[in-house]
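Construct all of the structure, not just a fragment, from the sequences and the given hints.
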Amino acid sequence: MQFRDRKHAGMLLAQKFAELSFDKKNTIVIALPRGGVPVAHEIAKALHLPLDIILVKKIGAPTYPELAIGSLSEDDEEFYNKDLLAELGYKLSDIDPIKEQALIKLQEIGTALRQGHRPLSLTNKNIIVVDDGIATGATMEVVIQVLKKRKVRKIIIAVPVSSADTMTTLSKEVDKFIVVMTPTPLYSIGEWYENFIQVETEEVIKILKEYSSAYKKPSKFNKDHNHSDIS
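Quick note: the sequence shown uses our numbering, first residue -15, plus one each step.
Check each hint, because a few of them may be wrong.
The following label-pair restraints were derived from C-beta to C-beta distances [what the hints assert, rightly or not]:
| # | residue 1 | residue 2 | range |
| --- | --- | --- | --- |
| 1 | Asn65 | Ile88 | 19 to 25 Å |
| 2 | Gln129 | Leu4 | 20 to 26 Å |
| 3 | Pro34 | Asp59 | 15 to 21 Å |
| 4 | Gly100 | Asp67 | 37 to 43 Å |
| 5 | Lys133 | Lys(-9) | 28 to 34 Å |
| 6 | Gln(-1) | Ala148 | 18 to 24 Å |
| 7 | Thr120 | Ile88 | 23 to 29 Å |
| 8 | Lys0 | Ser172 | 20 to 26 Å |
| 9 | Ser155 | Glu61 | 22 to 28 Å |
In silico DSSO-like cross-links for lysine-lysine, where the CA-CA straight-line distance does not exceed 30 Å [unchecked claim]:
| # | residue 1 | residue 2 |
| --- | --- | --- |
| 10 | Lys138 | Lys66 |
| 11 | Lys133 | Lys29 |
| 12 | Lys41 | Lys(-9) |
| 13 | Lys200 | Lys133 |
| 14 | Lys42 | Lys75 |
| 15 | Lys89 | Lys42 |
| 16 | Lys42 | Lys(-9) |
| 17 | Lys42 | Lys135 |
| 18 | Lys41 | Lys89 |
| 19 | Lys8 | Lys200 |
| 20 | Lys89 | Lys138 |
| 21 | Lys133 | Lys42 |
| 22 | Lys8 | Lys29 |
| 23 | Lys156 | Lys66 |
| 24 | Lys8 | Lys190 |
| 25 | Lys0 | Lys29 |
| 26 | Lys200 | Lys190 |
| 27 | Lys(-9) | Lys138 |
| 28 | Lys41 | Lys29 |
| 29 | Lys160 | Lys42 |
| 30 | Lys8 | Lys(-9) |
| 31 | Lys160 | Lys41 |
| 32 | Lys135 | Lys0 |
| 33 | Lys83 | Lys135 |
| 34 | Lys138 | Lys42 |
| 35 | Lys193 | Lys133 |
| 36 | Lys9 | Lys193 |
| 37 | Lys160 | Lys(-9) |
| 38 | Lys190 | Lys29 |
| 39 | Lys132 | Lys89 |
| 40 | Lys66 | Lys132 |
Keep in mind that the hints were calculated from the coordinates and are not lab data. Every residue, glycine too, gets a C-beta built ideally from N, C-alpha and C.
Below, the structure is given as structure tokens:
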């Protein structure tokens, strides 16, 4: 099986929520840009939930940029692999220039994508965090840490495709892990999509802007869900 594209993957993933009832007033769909946004859009649309993005960036070692030694969120939350830093002989002060550049880049991206809209408050909310797929899970690990630091109520990971091993690992850190398929082996996310072209910034801006307006209007999906295991 292959997904036609991210929209098709999002529609199939949204169907996984059909058997779940939940307090919609306390649930938000959060996408990892850029590939996760079209997927998350279909879930938010089907469930009539708020949609926003969360931005994180891996930080590479000073002399080995491809080696991730930590990550940074757009609001300057830092996470480092201290054992790896020690092994490579780096101090946190060695990372400061790289961190500052990454933070500036993240803030620029956030400003461009949100177009002046403030990020939604996530405190005490159930969060459905969405990407177009998970291989190693490194980025999602950071997102989980960021969400926990923001004191969200529950975390539900929702992805069309994931490595089985990664799903097992991440499932221990969140309340639910919802996935359409877990192929073994999984060499790349793109191999499970017929169309996996890069999602452009303009598409993300359009989705977020149009959905923000549509969400405020009455919807046939706006049904009353009062009992839940995502309460």
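Identify every previously stated hint that the structure contradicts and give their numbers, smallest first.
none
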